[in-house]
Amino acid sequence: EAQVTQNPRYLITVTGKKLTVTCSQNMNHEYMSWYRQDPGLGLRQIYYSMNVEVTDKGDVPEGYKVSRKEKRNFPLILESPSPNQTSLYFCASSARQKWHEQYFGPGTRLTVT
Amino acid sequence: AQSVTQPDIHITVSEGASLELRCNYSYGATPYLFWYVQSPGQGLQLLLKYFSGDTLVQGIKGFEAEFKRSQSSFNLRKPSVHWSDAAEYFCAVGAVDSSYKLIFGSGTRLLVRP
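Heads up: the sequence lines are chains A and B, in that order.
Quick note on numbering: the first sequence equals residues 1 to 113 in this note's numbering.
Quick note on numbering: the second sequence equals residues 1001 to 1114 in this note's numbering.
Hint data in this document are derived by calculation from the structure and do not stem from the laboratory.
The beta carbon of each residue, even a glycine, is placed where N, CA and C say it ideally should be.
Among the hints, erroneous ones may be present.
Unchecked claim - Calculated Cβ distances over 12 angstroms to all of chain A for the following chain B residues:
1) I1009
2) A1017
3) S1026
4) G1028
5) Q1042
6) L1056
7) Q1058
8) G1062
9) F1063
10) E1066
11) K1068
12) S1070
13) S1073
14) A1086
15) R1113
16) P1114
Claimed, not checked - Stretches of chain A that chain B covers, calculated by requiring three or more beta carbons in the stretch to come under 8 angstroms of a beta carbon on chain B:
17) 37 to 51
18) 90 to 101
19) 105 to 111
Let the hints inform the model, and build the full structure from the sequences given.
Written as structure tokens, this is what we have:
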């Protein structure tokens, strides 16, 4: 089954404790992206990647890092989480030629206390 | 700057009634336009898309949307709503340049009365 998986689905952590949210897709997609969803703001793009070793900032990259060492994986790293990063995070992927037709993962709800 | 406005935060309709969700966009040229649906606890799923050509596009689950250039709108419609359509709906604009960015509206939550 074609899918985008994220882990963990739920995470509660404390300020400053480094964490990684994993994202994996099995569709051989070149394009992958991370979004955060906050009430009243819709989805905002954090980072995206057009291919292995190619990443670029989205609209809200501050406080986040990403890496793309393998085509299928695109982890999101919070080196020192803060409460304003409490949010619902989505990973998405798509084929390069159809980057705008994105397949979304189920989401990771992160709470930073 | 590119932007997407969904003026209705919540909409409630009765099952069987028709539905129209509003979306207005701001973009310098004709953009790619999308509607996504997010069911409770789920990720987003693409409902339909508009790139060019026929301004009335059909999507999955019986939804359609109409692109109106003069109004900068891309409203989503369904003639008869089912209880399973209760979800949050997002309109999005895709840049046709090389920025590889989808810009989402803030969403409209649809509630369906039995």
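Right, here's what the structure says about each hint:
1. Listed as a non-interface residue, B:I1009 fails to keep its Cβ farther than 12 angstroms from every Cβ of chain A; the least gap is roughly 8 angstroms.
2. Interface exclusion of B:A1017 from chain A stands, the closest Cβ pair being 26 angstroms apart, more than 12 angstroms.
3. Chain A leaves B:S1026 outside its interface by the beta-carbon criterion, the shortest separation being 14 angstroms against a cut-off of 12 angstroms.
4. No Cβ of chain A comes within 12 angstroms of the Cβ of B:G1028; the nearest lies about 17 angstroms off, and the non-interface call holds.
5. Listed as a non-interface residue, B:Q1042 fails to keep its Cβ farther than 12 angstroms from every Cβ of chain A; the least gap is roughly 6 angstroms.
6. Consistency note on B:L1056: stated as away from chain A, and its beta-carbon is indeed over 12 angstroms from all of that chain's, at 19 angstroms minimum.
7. Every Cβ of chain A is farther than 12 angstroms from the Cβ of B:Q1058; the closest lies at roughly 16 angstroms, confirming the non-interface assignment.
8. For B:G1062, the non-interface assignment is confirmed: its Cβ lies about 20 angstroms from the closest Cβ of chain A, beyond the 12 angstroms cut-off.
9. With 12 angstroms as the threshold on Cβ separation, the claim that B:F1063 sits away from chain A holds: the shortest Cβ distance comes to roughly 16 angstroms.
10. For B:E1066, the condition that its CB be more than 12 angstroms from all CB atoms of chain A holds, with the nearest at approximately 19 angstroms.
11. The beta carbon of B:K1068 is kept farther than 12 angstroms from every beta carbon of chain A, the shortest such distance being approximately 20 angstroms.
12. Distance to chain A confirms B:S1070 as a non-interface residue, since its nearest Cβ pair spans about 24 angstroms, more than 12 angstroms.
13. No beta-carbon of chain A is positioned within 12 angstroms of the beta-carbon of B:S1073; the least distance is around 17 angstroms.
14. Against the 12 angstroms criterion, B:A1086 stays outside the reach of chain A, whose nearest CB is about 18 angstroms from its own CB.
15. Every beta carbon of chain A lies more than 12 angstroms from that of B:R1113, the smallest distance being close to 23 angstroms; the non-interface claim holds.
16. With a minimum CB-CB distance of about 26 angstroms to chain A, B:P1114 clears the 12 angstroms threshold, and the non-interface call stands.
17. Check result for the segment 37 to 51 of chain A against chain B: holds, 8 residues qualifying (beta carbon to beta carbon below 8 angstroms, three or more required).
18. Coverage of the segment 90 to 101 of chain A by chain B holds. Counting CB-CB distances below 8 angstroms, 5 residues qualify, and the rule asks for three or more.
19. Counting residues of the segment 105 to 111 of chain A whose beta carbon lies closer than 8 angstroms to any beta carbon of chain B gives 3, which reaches the threshold of three, so the coverage claim holds.
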